[in-house]
Amino acid sequence: MSAVHHPGEDLLWDYFRGALAPGLRLSVSTHLDLCPNCRDDLRAFTAIGGAMLEATEGVAMSDSALDLALARIERPVELPQCACACTGQAAGVPRRL
Amino acid sequence: MHFDRALTIGSSVRMISPDQKNCAETPEALITRIAGTRDRAAYAALFTSFAPRIKAFVMGQGMTAQEAEDLAQEALLNVWRKAHMFDASKASAVTWIYSIARNLRIDAARKAKRVRELPEDLWQGDGDKAADEQIVDTQSAQAVARLLDGLPPEQKDILRLSFYEDLSQSDIAKTLSIPLGTVKSRLRLAMTRLRTAMDGKRTGVKS
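Sequence order for the protein chains is A and B.
The C-terminal residue of the first sequence carries number 97 in this note's numbering, and the numbering is unbroken.
The C-terminal residue of the second sequence carries number 207 in this note's numbering, and the numbering is unbroken.
Don't read these hints as lab results, they were simulated from the structure.
Hints should not be assumed to be uniformly reliable.
What the hints assert, rightly or not - Which bits of chain A does chain B cover? Going by a derived footprint, with three or more residues having C-beta under 8 Å, they are:
1) 7-20
2) 49-57
To be verified - Residues from chain B that face chain A, not an exhaustive set, calculated with beta carbons under 7 Å:
3) Arg53
4) Met63
5) Tyr98
6) Ala141
7) Ser168
8) Leu187
All residues carry an ideal CB built from backbone N, CA and C; glycine is no exception.
Please take these sequences and the hints and turn them into a complete structure.
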């Protein structure tokens, strides 16, 4: 008989969606360190989430969303050295409208 | 109170069949191009494909349109910055992106809550096991989607309410007016089926 007490699926689910209070979250987290089986459950949750995102019909972003996104990646944030031709030029980026 | 199941379940998020999409380039290839050459055209294509879906997804979970728009922006920005960490052998692109968006949504919810009621240090440093590096899913999202499609309707309902509406299992039980034990057993059946398929396909798990 195993002495391990697994968190129930409802608890794992609440952990996965970030709904647990800190103490309980820590308990589940500690259990997960030791339990490949429960880690597999989390992995399955993630796979389901990915498949659901894949199948989701999008809601239109605002008109300026792509411009904003392209402007935001211009801001230097520890970007690695880049040897290609993308030196700060937004002009050549094709827009999908 | 009466719930019309047909109207209630998953009503806020519409689904499209996987066959409807015919991307010229896979998202995995786009992320690889971003990682390799900071390819801005690849980023634009990825953004156009995923930002609307992320927005829809988190709106279904209760975010306002503006919050959802901001989160979608933030998620894609993270994809740009973390593209070099993406490993196609471990996760499909959509699963990786889902995970990024999910973490951002949890962070946003905790931040809002923290301000109200909790000391900040309690929230830090306990290591979220569902974080990016934990994902090892060698199945394509399409394969998982097909698998989910094959589940009995009552199991699909549980998954939709779980993921799209972000409900706890007891809230799902209330919503469907069924016992909590039934919710648990349906989820268990769906998970068992999915895990069996995943285990069968797994090629390697890091220890």
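Okay, the hints, checked on the actual structure:
1. 7-20: holds (count 10)
2. 49-57: holds (count 9)
3. Arg53: 4 Å, holds
4. Met63: At 11 Å from the nearest chain A Cβ, B:Met63 fails the 7 Å test, so the hint is violated.
5. Tyr98: At about 4 Å, which falls below the 7 Å cut-off, the nearest Cβ of chain A leaves the hint on B:Tyr98 intact, so it holds.
6. Ala141: Cβ of B:Ala141 sits 4 Å from chain A, so the hint holds.
7. Ser168: The hint holds - B:Ser168 has a Cβ within 7 Å of chain A, the shortest such distance being about 6 Å.
8. Leu187: 6 Å, holds
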